[in-house]
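Starting from the given sequences, assemble the full structure and let the hints guide the process.
Listed in order, the protein sequences are those of chains L and H. At the far end of the first sequence sits residue 610, using the UniProt record's numbering, and the numbering has no gaps. At the far end of the second sequence sits residue 610, using the UniProt record's numbering, and the numbering has no gaps.
Quick caveat, the hints were computed from the structure, so don't treat them as lab data. Be aware that one or more of the hints could be misleading.
Which copy is meant is left open, so a pair is good if it fits within one copy or across any two.
Below, computed lysine-lysine pairings styled on DSS-like, alpha-carbon distance capped at 25 Å [what the hints assert, rightly or not]:
id, residue 1, residue 2
1, Lys131, Lys361
2, Lys526, Lys59
3, Lys307, Lys358
4, Lys131, Lys526
5, Lys380, Lys349
6, Lys143, Lys526
7, Lys526, Lys142
8, Lys354, Lys414
The structure displayed is predicted, hence computed values, not measured ones.
Number of protein chains: 2
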Amino acid sequence: MKQARAPRCRYISAASKLTSDTFRSPNQNKFSERTHACDEVTVEHIGARVTLCGWLLYKRMQFALLRDGFGVTQVVLNESLYRVIENAPTESILRVEGIVVRRPDGQAREDLPTGQVEVVADEITVLNLCKDVPFQPREYQKKTEAVRLKYRYIDLRHEEMQRNLRLRSKMTNTFRRHLIENYGFCEVETPTLFRRTPGGAKEFPVACHSHPHEFYSLTQSPQQFKQLLMIGSIDRYFQIARCYRDEGARPDRQPEFTQVDIEMSFVTMENLMNLLEELMRAVWPSSLQEFPRISYHESMELYGTDKPDLRYDLFIEDARNLLNAVAENLPEGHCIKALRLPGGVELVKSRHLKDWRKAAKQLGINGVSEVIKRGDGSVKSPIASLIDNDQFLENSMTIIAWGPQKAVLRALGKVRSDFAQLLRLSIISSFNPDFKFAWITDFPLFSSDENGKLESEHHPFTAPHDDYVEFLDSDPLRVKSQHFDLILNGWEIGGGSIRIHSSALQRKILADVLGQDCSELEHLLKALDSGAPPHGGFAFGLDRLIAILCEAPSIRDVIAFPKSHDGRDSMANAPVALTQEDLEYFHLGGLKSPEGRDPSGHSSSGNLAS
Amino acid sequence: MKQARAPRCRYISAASKLTSDTFRSPNQNKFSERTHACDEVTVEHIGARVTLCGWLLYKRMQFALLRDGFGVTQVVLNESLYRVIENAPTESILRVEGIVVRRPDGQAREDLPTGQVEVVADEITVLNLCKDVPFQPREYQKKTEAVRLKYRYIDLRHEEMQRNLRLRSKMTNTFRRHLIENYGFCEVETPTLFRRTPGGAKEFPVACHSHPHEFYSLTQSPQQFKQLLMIGSIDRYFQIARCYRDEGARPDRQPEFTQVDIEMSFVTMENLMNLLEELMRAVWPSSLQEFPRISYHESMELYGTDKPDLRYDLFIEDARNLLNAVAENLPEGHCIKALRLPGGVELVKSRHLKDWRKAAKQLGINGVSEVIKRGDGSVKSPIASLIDNDQFLENSMTIIAWGPQKAVLRALGKVRSDFAQLLRLSIISSFNPDFKFAWITDFPLFSSDENGKLESEHHPFTAPHDDYVEFLDSDPLRVKSQHFDLILNGWEIGGGSIRIHSSALQRKILADVLGQDCSELEHLLKALDSGAPPHGGFAFGLDRLIAILCEAPSIRDVIAFPKSHDGRDSMANAPVALTQEDLEYFHLGGLKSPEGRDPSGHSSSGNLAS
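Laid out in structure tokens, this is it:
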């Protein structure tokens, strides 16, 4: 089931509780030509002379609307002043000087901060004519995202993009202030030009002029540097860090993104989770409930996922008693589970059921069935003959799945998440935005791929739980880690862990358990031997967090200049083929630029030299 | 003359006025195993039980010194506790629990915040043994920079690096708070993966998997994006932005650096300079005098440079009256200038004179001479026969230069700057650190290269002074710009300007005056036509500013993990050759990785495919 896009107009929730005062600063008009922003002129200013600068939103004989990034003010013009702007198209830039007066009776607008007043202009200047706009800012919803990204500077003028970006700036500043001023963190900027990490296929390579045929790699995260900072006595580090990942065309990812990156010495998992929870509460615009802690195992059992959306009281149940015939012959490692869908009779369509069966099949299970009990007590279900009708409520829908435990849980996890979205869309007008954070803990340290090869469930620097170290050799899949995730409304917002500070243990896990070559990490292993304090840290994705806060349908709505789905900059066109001259300069001359073509054009063709 | 490196031990000036309270936060020990940092334990805590975590700095029967990033605490141990750490080398990590007591009479140390007390330990734990350090943190001065960078995590433990990084974090936070909370700026993160700009040979190319043979370029600055943000109604933007420049081996530059980047709509040059000055005063740890404004012309005339060090009252003077014989036959455009060097008789050695003559010759002038008037009134000078002795003071040194005006001024500018450094080093013990900011204004908009081709003095988006627009066609070199530089103690800290907001003027300057192809900037020109407000902005280098504040000899001393002189990461070794597999993945397969070599080794050899 595709993620439906919520209509944009309703997507500010916590943000909608913010008044325009949230974004106001005492000296926001100092050092500029204006005396007030276009949302600031109110009854308090009646009789005052003001200077406003902004975009012409609308004009008609005698009056005009002036818009800036904050709001709109109505301007009254006499005939000779009107002539000044008569030929100025909307979106031209004006400076208006005049006196604030109360609007005539019956013309006040309660929905605007400036709705009680208007400015009677005595001077008006066209600062720049708008000669050409591809669309009016208020029409952005009619445009495809491709057009919006190509002309992002128009899209940004809309009040929602303004609010998203300003909210992001405010919130990031609040994070910083708390970390630095309250908790004694030191913000350190770490390099992004670094060397490839083992297995770092997703790291963009960077060529340079001075070192032919050698490449920097853009860092995926400051992981190594933050551990080195702990070793270097910066005991509380954070950074709002730019990170890079060459993931190609993934719909809601960006090749560069922002991570709030934290590391601390002399801490436990408890310490880290408590700090993060206190921090989130301090910066969040609305009040938050306590963050529950849910073990990975429990989360999988109850929700069929390790990032459940806790806004919905939908729980996976054991269903052996619903399906006795199957239960009797259940093989080892198999289970029967059910998820009851209140309101499902109305909301769930046959295409959803088809979708869920297909998804389950991909997970390797055939046994997925719905049970619908009608108001008259009759049951509609492919497995009607196998079930006990009395176990179901009238007017109810239940999805039952059986087969290998993991696949059953994941299949019902998908049903749960899709149904939650149906619920959300069904109550769209009355939907009360809510933010349910939770911690997921007790993850396994390793997982095994299809060939039985062990992999780190998170990354190889994660410390095992002390109680499980003894099983590293004998039963590594049993080892639990000191990793924890922070989830919010069904998204994994971030993750953290206690790191390994013993070089012996780190070497053992890299070499013996994971079978990796340690040579590319010798600098880190040597650093652990030089007096590395016990340490741990956390990172969370700022783009996603702000997008959830703004209820934006995509992280692109909280990034000023995002790349499009396929990683391109649609405005200026990047990436782009380089000229042969540039290729030679950076020692990439072995690659011929596409012949006979304008090097500024973009094409994925191009010949290898040989 | 090479820039002498000031001894590092004396380089904290404004920073030295900061007490350790500057870096203290109310909850800096909350959510951690320690109760106090190692600088916090004072007479206030006598009788209290504390837990400290830190590095073993020194041990001897009965006592040990424990160090963390903040300070040092003395710990008293009984014999059995001593045995716990007996075999722990220095730089091992300990946790110490105990009671704070007053030091015995005569053992107090006034120079340490914790010098009145010690902690009588009742529990001590070795958290991690230090098995191997290449050097002790306090010995870093004996080490070459190459060693220090390779083992940066040890270097960072020294109190100066701690102070530099913590000061940088504090100061950056203060900048942010003022901009956001006081002046209404919105911090916006702009892309670093962008397309090459015309003539952008210094922009690192970035390959990717999804778009074969196309490259992003890492941005040198957010210039285009910040202008687009103004067009997009974010009327006050700033960003503490990572910027990239592939400059190869330049001694005090870094391939990635940090810029405080500011842009505002509806402002004048005056507005921008006033804001910046107010901002600098607000964040600077010591009080600052008013920033004088000096025109480019005046600065060249008085100081022979556009970034004079105003801590020294040394002024270039007209010297026609000193050298009448030459003055009589002075060609058009030539001049005679002099710089008096108080104390020069003692400080200036013959190697300096030789150096200055050589530099002058490179600038194209032969006429540079010293005039030394001894205490007995006699004069020693190569041009003794040409000068009038009475014009010179006894025990004085004067440098006289004549020839083409520009070259003469630049030659004396070098003399001035070198002599200032001699003065600084000569009074090293009594040198009172001072910070002299100034604005340089009225720059020419264009300069011409050796072939007479016009170039932008700064960048092509800089607006001309209104009064000079009329000369754009007829006499472009006469046109002054709305650009201004901020200088501090002889360094250019940053620069700003009013930008061009008219597409017609921008196109005229790009195409008609500079003869550039506009096609790669069409997106910006189109944006200017969509209602671009008048706007301007500023950017300053954070690394340099903090280095001057800390009186650090190099910007590398205020960067946690700098690259070395040649742009390499010495710790992990980057850049590095990629494996053939990685090259193929990123469509760089045309470049063969050096054959038969370990791909993790670094070498500048490597074969082009063909």
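Hint check results:
With identical chains, the CA atoms of lysine 131 and lysine 361 are never at most 25 Å apart, being 57 Å at best within one copy and 54 Å at best between copies. Proximity of lysine 526 to lysine 59 under the C-alpha cut-off of 25 Å is restricted to the inter-copy arrangement: shortest distance 24 Å between copies versus 70 Å within a copy. Taking the closest pair of Cα atoms, lysine 307 and lysine 358 come within 25 Å of each other only inside a single copy of the chain (22 Å); across copies the shortest separation is 70 Å, beyond that limit. Taking the shortest alpha-carbon separations for lysine 131 and lysine 526, only the inter-copy value of 9 Å comes in at or below 25 Å, while the best intra-copy value is 62 Å.
In this homomeric assembly, lysine 380 and lysine 349 come within 25 Å of each other (Cα to Cα) only inside a single copy, at 14 Å, whereas the closest approach across copies is 104 Å. In this assembly of identical chains, lysine 143 and lysine 526 lie within 25 Å of each other by CA distance solely across copies; the values are 18 Å between and 55 Å within a copy. Taking the shortest Cα distances, lysine 526 and lysine 142 sit within 25 Å of each other only across copies (21 Å), while inside one copy they are farther apart (58 Å). In this homomeric assembly, lysine 354 and lysine 414 come within 25 Å of each other (Cα to Cα) only inside a single copy, at 13 Å, whereas the closest approach across copies is 80 Å.
This entry does not satisfy hint 1, going by the numbered hints stated previously; all others are met.
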